[in-house]
Every structure is written in C-alpha cells, then in structure tokens.
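Listed here are the chains, written in short residue letters.
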Amino acid sequence: MAGAGRLALVRGLHVAAHLGAFLPLAWLVVVVPRGALGGDPVEELIHYLGMGALRLLLLTLLVSPLAKGLGFGPLLRLRRPLGLWCFVWGCLHFATWLGLDLVFAWGLIGAELVERTYILLGFTALVILAALAVTSLPALVRRLGRRWKSLHRLIYPAVLLVCVHFWWSVKSGWIEPAIYLAIALALLWWRRGALWPPGMRG
Amino acid sequence: MLIKTRRPTPIPESQVTPEAVHGDRRRILAGLGFGALLAGANARAGLLDFLSPAAPAPAVAAAPRKPLVYDRGVIPPGLVLTPEEKATNHNNFYEFGTGKTDPARHSQGLRTEPWTLRVEGEVARPGTLDVAQLIAAGGLEERIYRMRCVEAWSMVIPWVGLELGKVLKGFEPTSRARFVAFETLHDPEQMPGQKSAYLGGGIDYPYVEGLRIDEAMHPLTLLAVGIYGRTLPPQNGAPLRLVVPWKYGFKGIKSIVRIRLVETMPPTSWNRLAPDEYGFYANVNPAVDHPRWSQASERFIGPGGVLDVRRQPTLPFNGYGDEVASLYAGMNLRRHF
Numbered sequence: 001m002a003g004a005g006r007l008a009l010v011r012g013l014h015v016a017a018h019l020g021a022f023l024p025l026a027w028l029v030v031v032v033p034r035g036a037l038g039g040d041p042v043e044e045l046i047h048y049l050g051m052g053a054l055r056l057l058l059l060t061l062l063v064s065p066l067a068k069g070l071g072f073g074p075l076l077r078l079r080r081p082l083g084l085w086c087f088v089w090g091c092l093h094f095a096t097w098l099g100l101d102l103v104f105a106w107g108l109i110g111a112e113l114v115e116r117t118y119i120l121l122g123f124t125a126l127v128i129l130a131a132l133a134v135t136s137l138p139a140l141v142r143r144l145g146r147r148w149k150s151l152h153r154l155i156y157p158a159v160l161l162v163c164v165h166f167w168w169s170v171k172s173g174w175i176e177p178a179i180y181l182a183i184a185l186a187l188l189w190w191r192r193g194a195l196w197p198p199g200m201r202g
Numbered sequence: 001m002l003i004k005t006r007r008p009t010p011i012p013e014s015q016v017t018p019e020a021v022h023g024d025r026r027r028i029l030a031g032l033g034f035g036a037l038l039a040g041a042n043a044r045a046g047l048l049d050f051l052s053p054a055a056p057a058p059a060v061a062a063a064p065r066k067p068l069v070y071d072r073g074v075i076p077p078g079l080v081l082t083p084e085e086k087a088t089n090h091n092n093f094y095e096f097g098t099g100k101t102d103p104a105r106h107s108q109g110l111r112t113e114p115w116t117l118r119v120e121g122e123v124a125r126p127g128t129l130d131v132a133q134l135i136a137a138g139g140l141e142e143r144i145y146r147m148r149c150v151e152a153w154s155m156v157i158p159w160v161g162l163e164l165g166k167v168l169k170g171f172e173p174t175s176r177a178r179f180v181a182f183e184t185l186h187d188p189e190q191m192p193g194q195k196s197a198y199l200g201g202g203i204d205y206p207y208v209e210g211l212r213i214d215e216a217m218h219p220l221t222l223l224a225v226g227i228y229g230r231t232l233p234p235q236n237g238a239p240l241r242l243v244v245p246w247k248y249g250f251k252g253i254k255s256i257v258r259i260r261l262v263e264t265m266p267p268t269s270w271n272r273l274a275p276d277e278y279g280f281y282a283n284v285n286p287a288v289d290h291p292r293w294s295q296a297s298e299r300f301i302g303p304g305g306v307l308d309v310r311r312q313p314t315l316p317f318n319g320y321g322d323e324v325a326s327l328y329a330g331m332n333l334r335r336h337f
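Going down the list, the protein sequences come from chains H and P.
The numbering used here puts the first residue of the first sequence at 1, with every later residue one more than the last.
The numbering used here puts the first residue of the second sequence at 1, with every later residue one more than the last.
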C-alpha cells in the first residue's frame with residue numbers, strides 16, 4: 001500500500017473510532033424517550049454505559065497486538081481516541097450511578113464507595129483512566145517522556161479491576177463476565193513480556 | 001381496615017403529578033419532545049423528553065388484559081401510585097430474560113388461559129383451582145401496597161386479588177402444615193430463560209418460593225390476579241402471583257402453578273443461588289444491608305422522569321411493621337434475613 005493510502009486509512013479509522021464511540025450515546029437520546037430501556041431506565045443506563053466503557057477499554061488494548069500483527073504502526077494512533085472515549089463512557093457510567101441511582105446522597109455515596117469492594121474497584125479503575133486521560137494531552141506526553149510509558153501501563157491493572165467489578169456486580173449468572181475477563185486476560189497475556197520485563201524476572 | 005400507614009412517607013406536593021397532566025402525558029410528551037426531536041426542530045424539548053421515558057412502545061402486541069370487578073382500594077395517605085407503564089415495563093421475571101424490559105418484550109405470548117393452580121400437601125382437601133373460575137367467583141379486592149425490590153428501588157402498585165389465607169382455608173390445611181411452598185410454571189418452550197442458562201441468569205428452574213404458614217395466612221398476603229384494575233400482564237406474573245408487601249419483591253413468585261403445604265422449610269430460588277445474599281425470610285429491613293449495596297434507602301419509581309426520582313428511607317417491614325412485626329417477635333432478624 002502506498003504511504004498516502006495508508007494515512008487515509010488511518011484517518012478513516014480515526015473517524016470511525018470517534019463515530020463508533022459517539023453514536024451509541026446519541027442513540028440513547030433517541031431510544032430512551034421511547035421506553036426502549038424501560039419505564040425506569042436508570043439501571044439499564046448504568047449497565048449500558050459500563051459495558052460500553054469496558055468494550056472500549058478492550059478495544060484500546062487490542063490496538064497494539066493488531067498493529068504489530070499486521071505490521072501497521074500508524075494504527076497505534078487509534079489508542080488515544082479509543083482510550084479517551086472509554087474514559088468518557090466510564091465517567092457517564094459513574095455519573096449516572098451518582099446522580100440517578102443514589103441521587104447525590106453524598107453520605108450514602110461515600111459509604112458505598114468504601115464499603116462495597118466492587119464499587120471501590122470500579123472507582124479505582126476510573127481514577128486510573130482519569131490519570132491516563134489527562135496525561136494524554138500532547139504537551140504532557142512530551143514532558144513526561146519515559147515516565148509516560150510506565151504511567152500508561154496502569155491500563156493493565158485497570159482492565160482487570162473493571163472485569164472483576166463487572167463480575168462482582170451481576171446479580172446472577174457468570175457467563176458474560178467470564179467472557180470479558182477471558183478476553184482481557186488474553187490481551188494481557190500477549191503483553192506478558194512488557195508486564196514482566198526481563199530485568200524483573202527472578 | 002388493615003392497611004394502616006402510621007408513618008407515611010412525606011412526599012412533597014411538587015412530586016405529585018396533576019391527574020390531568022398524568023393521564024395526558026403521552027400526548028404532552030409527544031407534542032413537547034420526541035416529535036420535535038425527530039424533526040430536529042427543538043433540541044431542548046428533546047433533551048427534556050430524554051429524561052421522561054413515560055411511553056414505552058413494546059415491539060410486540062401486548063397480551064390482552066380483561067377488566068376486573070373488585071372492591072376499590074384507597075391510596076394510603078402520603079403514597080403516590082407508580083404509573084402503570086412503569087410498573088409493567090420494569091420487571092424482574094428471569095424466565096423471560098434478566099433485563100428489566102425483557103419480560104415485557106418476551107412474555108406477551110404466554111398462554112395464561114386456561115390456567116389451573118394445584119394445591120396439595122398437608123391439606124385435608126387437595127385439589128385444583130381454575131383461575132378463570134376464581135375471578136368469576138367474585139370477592140376480589142384492590143390493595144394498594146408499597147413494593148420494595150431487593151435491588152433498592154420501590155413502587156406503589158394497586159393489586160387486585162384475594163387474601164391467600166382465605167383461598168388456602170378452602171383446602172383445609174392440616175395441623176402439620178408449617179410452611180407453604182410455591183412453584184412457577186416450568187415450560188421452557190414458553191419461557192426462554194428456562195431454556196438457556198445465559199438468558200435465564202443461571203437460576204435453577206422452576207422458580208420456587210416459600211412462606212411460613214403464619215405469613216401465608218396473614219391478611220396482608222395477597223394472591224393477585226390483576227393490577228391497575230385489569231388482569232395481570234404476563235410480565236407481572238399472569239395469571240396468578242403472590243404479593244407479600246413487607247418482604248422483598250422476589251418473594252412475590254409469579255405465574256404460580258402449584259402450592260404445597262409442607263412440614264419443613266422449603267427451598268427458595270434466590271436463596272439457593274446466593275445464600276449469603278438472599279435469605280428465606282427476606283423481610284424488608286433497612287438495618288440489614290445486602291452484601292453489595294445498602295438497604296437503608298430506596299429509589300421510588302413514581303410519576304415523572306428520571307430526574308424526578310427521589311431516594312427515600314426504607315421502612316422496617318416496608319412500612320407494615322405494625323401489622324407484621326409480631327410474627328417475628330424474639331427472632332434475630334440479622335441472622336434470619
């Protein structure tokens with residue numbers, strides 16, 4: 001493929017990533033009024049937004065193996081939009097729980113964050129994603145230099161936290177969370193070299 | 001009159017939807033919001049509409065519901081009815097899927113006529129009961145009860161039915177009858193959740209529930225055949241379900257085909273699935289949290305959009321303590337949750 005063609009492809013994928021992450025949010029505005037998520041959509045909204053964030057997180061982690069497998073480096077540029085959209089979905093997920101489920105009962109919110117381990121896990125993941133989102137500003141990427149890379153490896157514990165948070169949160173049934181955890185573990189297994197650098201091997 | 005509310009939940013005037021607006025809300029919403037949103041003419045009304053999902057549109061034709069003849073109940077002071085559209089489109093009925101809208105979507109084909117209920121076990125006169133005959137025999141009454149789900153949301157629902165105790169007495173329970181076991185229809189052809197563990201949330205079907213005999217004979221315990229003046233829609237447990245207003249909603253077993261009076265405590269579905277999270281008694285108790293969330297307060301699903309949702313304190317025995325607390329005198333309710 002010619003260089004210009006490849007760049008156009010990456011640009012196209014970039015647009016697709018933005019649209020793919022944004023349109024399902026726009027879709028909510030259309031279908032929720034029609035009752036598609038039920039008479040009381042709060043629980044389904046929380047679930048929909050949380051699942052979206054998890055899928056975007058897994059997609060973000062899929063970019064590197066894909067780029068390497070295809071020998072197509074420019075693909076790596078998709079990590080930033082996908083990761084940032086994951087953070088947006090995660091924030092909306094958290095905000096819906098905060099504002100529509102617990103209805104800003106701050107005392108209760110504080111107690112739930114501390115007492116319910118699965119909520120604490122999800123919240124920790126969101127804090128990590130916030131740190132990664134902020135430090136993905138180009139100016140900060142340059143300033144952090146090598147430390148940027150170690151910081152952004154925090155996405156690995158984050159995806160595990162999110163998967164456990166999901167598994168723990170379901171009322172019954174384990175098949176769906178098990179599938180997501182398996183995908184996350186496969187994506188981490190592919191990076192085992194980076195997760196366990198040779199210098200740290202015993 | 002047994003329905004007493006000594007400690008009514010104060011609901012501000014602002015939360016009560018005027019009846020005219022309430023009855024007309026589909027038209028108002030359509031006029032205000034969704035049409036405008038589609039036309040792209042009024043983005044602000046569209047946003048407001050987003051927050052007021054009051055007109056769910058099921059993909060399939062709704063199962064027919066018959067009007068019932070019954071003694072009208074009164075709305076206890078301080079309570080506001082949950083709109084019918086919300087009570088019939090926000091259901092837990094895992095036989096039809098685990099999502100809140102799955103039951104309304106997937107249950108409309110449920111054959112509810114003819115339907116017979118078998119009553120057996122420790123009774124002098126075991127037998128069957130035809131639901132159509134039960135309805136035709138009259139004596140139905142409306143009971144407007146709070147409904148508190150174990151998931152920490154609540155509704156106020158006008159049920160129509162008969163006291164379970166009066167129905168059971170007709171079968172003459174023996175002195176050995178200490179518990180009552182209930183069973184939902186088991187028909188994987190009609191109930192996709194029973195066919196697939198994935199759709200059905202991994203519950204061991206048929207769904208079973210149980211009450212102690214004194215709980216079953218308590219005058220608040222209702223065998224419901226209708227809501228909002230008409231026969232039950234399938235997603236709410238047609239044609240016959242249990243309503244025990246001082247217990248978490250999952251005790252209200254739906255689409256019952258069998259009642260068995262027994263000597264020993266029967267197994268119950270949620271308790272079997274997660275014994276540390278769901279007990280046999282499952283009395284509404286703000287002092288005993290679910291391991292994964294607080295039970296001290298609840299989201300009341302009433303009129304209006306999601307922004308009108310308020311959290312309100314959960315009452316011991318769901319506000320029916322005066323009537324039922326004596327059933328549990330001397331029991332450690334933290335242990336027998």
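Hints in this document: simulated from the structure, not taken from any laboratory.
Think of the CB as a built atom: it goes at the ideal place given N, C-alpha and C, for glycine as much as any other residue.
You may find that some hints are simply not true.
[As the list claims (entries may be wrong)] Rough simulated footprint, nothing fancy, chain H against chain P, three-plus residues with beta-carbon under 8 angstroms:
1. 93–103
2. 228–238
3. 290–296
4. 319–331
Comparing the hints with the structure gives:
1. 93–103: holds (count 5)
2. 228–238: n = 0 at 8 angstroms, threshold three: violated.
3. 290–296: With 4 residues closer than 8 angstroms to chain H, the segment 290–296 of chain P meets the three-residue bar; holds.
4. 319–331: As far as the segment 319–331 of chain P goes, the hint is violated, because 0 residues have Cβ atoms under 8 angstroms from chain H.
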